[in-house]
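One letter stands for each residue in the lines below.
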Amino acid sequence: MSVELSFGEKNFIQGGIEQNLRADGRQRLDFRPMPIETGVIPQATGSARIRLGSTDVIVSVKAELGRPNSHHPGKGKVVIYVDCSSTVGPSFQGKKGEELSSELSTALQKCLLGGSGIDLSSLILVEGKLCWDLYIDGLILSSDGNLLDALGAAVKAALSNSLIPKVNILPDLAADEEPEVDIIDEEYTQIDTSSLPVIITLTKVGKQYIVDATLEEESQMSSAVSISLNRNGQICGLIKRGGAGLNPSVILDMISVAKHVSIRYIATLDSEISTAEASSAS
Amino acid sequence: MEFVNLQGIRLDGRRPKELRQLCAEIGVVSKADGSAAFEMGNTRVIAAVFGPRAVQNRSQKIANRALVRCEYSMAKFSTGDRVRRPKGDRRSMEISLVIRQTMEACIMTQLMPNSQIDICLQVLQADGGTRSACINAATLALADAGIPMCDIVVSCSAGYLNTTPLLDLNYIEDSGGGPDVTVGILAKMNKVTLLQMDNKLPFDTFEKVMQLAIDGCEAISKYIREVLLENTKQLEYRRGL
Amino acid sequence: MEVKSTPSQQPNLLIDQAIVPGDVVLHLSNISTNKIKLGLGLRQDADTIKATNMGLLKHSRPNKYWVESSTKRYIPTAGDAVLGIVIDSKPDNFVLDIKGPNLAFLPVLAFEGGTRKNIPKYEVGTLVYVRVVKANKIMNPEVACTDANGKSAEFGSLKDGYMFETSTGLSQMLLSSPTCPVLDALGKKLSFELAVGLNGRVWVDASSPEAVVLVSNSIMNSEFLSDTQQKIMVKTLLKKIEL
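Chains as they are written, first to last, in our numbering: chain A, 1 to 282; chain B, 1001 to 1241; chain C, 2001 to 2243.
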């Protein structure tokens, strides 16, 4: 909140990171435990809730029938929008949270959709006429740092949880007629999320970088680089935040660290998602 | 449309004078000073309370009592169709105001002059009765934050459809066009602090519907009381006091 | 509803029981003593005493009643030792955040042997261990860096170390006697400095950062654990550090 950290704490956090020991006992490249719940919003196509310490986010996916963009007649649309609830803190009341919301929305859009993470052509029903629009809405309930990574993971979990209804398209369609569809009950297709990248944010404090920074640690950062990586170790997006400039070689080093971390991270995320799916199904 | 069938069962399988399933949890937002989640059937809200703390905006300072602020917002995914309204539209403003006035009636604001209390309400799922659910959640969150209150406020709604008074309307019943009476009461003192009704209703029916809503409030207050007592007991048990 | 009638028969029946705001705790007509003292969480309404906070009703002889609860914010009470953070300094006062409804004032002369010439230099962000001197609802609370005898005692600014925020209930538990099991178990193995503020702030310092992290995490974890669970938790954490 508004109260600043005291000098002792600042020194402690910075010194601890230098010695590979953080205030909650983690090492620099450790994530906090990441419990996932899926199917938390029954009226959505798919949804997930992720907690990272006190960070708490919900992401819902809603599939609606829409018209493809005339420039891309063979592709469906995906829109990501993040909202910052006022429960995060009074400083996010009213329109004050909008800056953060739009920053995160754009970052997610860049990191997740940039590298063809979702196969947009699989969302098409009638070329140029009808497609599924996926509306991905994130809501931040509580923030203790590392929002972008948490949201990225929640989007992945929510998409894996999504069941898109199968449709029957009525044939004999005149060229300028609107297609008519029947939604088939109880038959669904799943969205392929295996190529969806994960986002790993490396926060630079002093000379070192850490993953999954808490709010306290983020207040001490000089800069942060969010890297989105897919299963094959390809970089799908990159965003640098924070004021201080970085040496290009440092950025390359950060990317290789992120690549290394991502292998373990993707595995944890996958197993968390499958446990969540198993428990929500039962 | 038939909202109550011949056997006296409503669309969601309830009897006319039956509440939806209640579920409450305290302390869901760890960064807040007090917080609670409250569910009434498919309506689900989260309340977070911040304060009492020094007033942030000096011009809003009140010398003889605390400033209470309240914000109600609906998540984009809270309704069947996506909410496309921006944050802070008229409807949310009105509900924020109603909730603020209701909560101010029970908070002992005169004990904390020059300070500020923020109540933030987030609707996760809206299925009718969000106003009531928010008030109930706010009461729990305020109690969790340790803010002095003269009593607990609870709220419930009742409506009148197919010539039957119905308790705790869900979304379909709410949009059925009948009157909807929302009541907020101070549970122990037995005083009404919030009363809203749209649509017309003959006087004697209104009395019946309002009484039904008050009965609903009493049932909810019993539940909220249990949740609060349970919360205190948990603390006591764990401490081994 | 049943609560309304019971205390009238046995006035002390509710002692040590959980209560919620609005509960009638006492009827004045039933009390033999003509004077009672009400603490936090109780108020008088006509001839009844009602609760304003949830928690446990406590009574100490002969006539004191209060509600014990655990919250994240703090209501200042004279005599409490608290941890404040300097957020501003004025010519006459340092302005401190003590998690209360209002900011607290620390007069620049409220130090042992304090004169205009030796005002300490507290910058914004300094953590200070202070004692609440004046607390009422109308004025900002006043704190001092001296004990009741004007000695500096242990009060003053806390350098280095790590401060974390918990609840007032946990602070009370840490300060209670006999020493609470978590501190007892930690103290046997490690040496560390601890300052507990009744406003729910705890400051820890030790020679090694590992020890600080261990102590602070053990304390934070202990809030909802029973005595034995606390001991086991500390033991497992200590084992980790040895590896």
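Because the hints were derived from the structure by calculation, they are not lab data. Errors might be hidden in some of the hints.
Straight-line distance between alpha carbons at most 30 Å, and here's what the computed DSSO-like set of lysine-lysine pairs gives [as the list claims (entries may be wrong)]: (1) K1233(B) <-> K2090(C); (2) K2117(C) <-> K1233(B); (3) K1031(B) <-> K10(A); (4) K2035(C) <-> K2159(C); (5) K129(A) <-> K240(A); (6) K1222(B) <-> K2134(C); (7) K1087(B) <-> K77(A); (8) K1233(B) <-> K1222(B); (9) K2090(C) <-> K10(A); (10) K2058(C) <-> K2090(C); (11) K2240(C) <-> K2159(C).
In this text the structure is predicted, and so the values were computed from the model without any measurement.
Do the hints match the structure? See the list:
1. Distance restraint check for K1233(B) and K2090(C): the Cα-Cα separation of roughly 45 Å exceeds the 30 Å cut-off, and the hinted pair is therefore not satisfied.
2. About 53 Å separates the Cα atoms of K2117(C) and K1233(B), which puts this hinted pair outside 30 Å; it is violated.
3. At most 30 Å may separate the alpha-carbon atoms for a hinted pair to count; K1031(B) and K10(A) meet this at roughly 20 Å.
4. At roughly 46 Å between alpha-carbon atoms, K2035(C) and K2159(C) are farther apart than 30 Å, so this suggested pair is violated.
5. For the hint pairing K129(A) with K240(A), the CA-to-CA distance comes to about 38 Å; that exceeds 30 Å, so the pair is violated.
6. Our distance criterion of 30 Å between C-alpha atoms is broken by K1222(B) and K2134(C), whose separation comes to about 39 Å.
7. A C-alpha spacing of about 24 Å is found between K1087(B) and K77(A), which places the hinted pair at or below 30 Å, so the restraint holds.
8. Using a Cα cut-off of 30 Å, the hinted pair K1233(B) and K1222(B) holds, with the two alpha carbons roughly 16 Å apart.
9. Our distance criterion of 30 Å between C-alpha atoms is met by K2090(C) and K10(A), whose separation comes to about 24 Å.
10. A threshold of 30 Å between alpha carbons decides the hint, and for K2058(C) with K2090(C) the separation of about 40 Å lies outside it, so the pair is violated.
11. Distance hint between K2240(C) and K2159(C) is fulfilled; the C-alpha atoms sit about 28 Å from each other, no more than 30 Å.
In terms of the numbered hints stated before, the structure departs from hints 1, 2, 4, 5, 6, 10, listed from lowest to highest.
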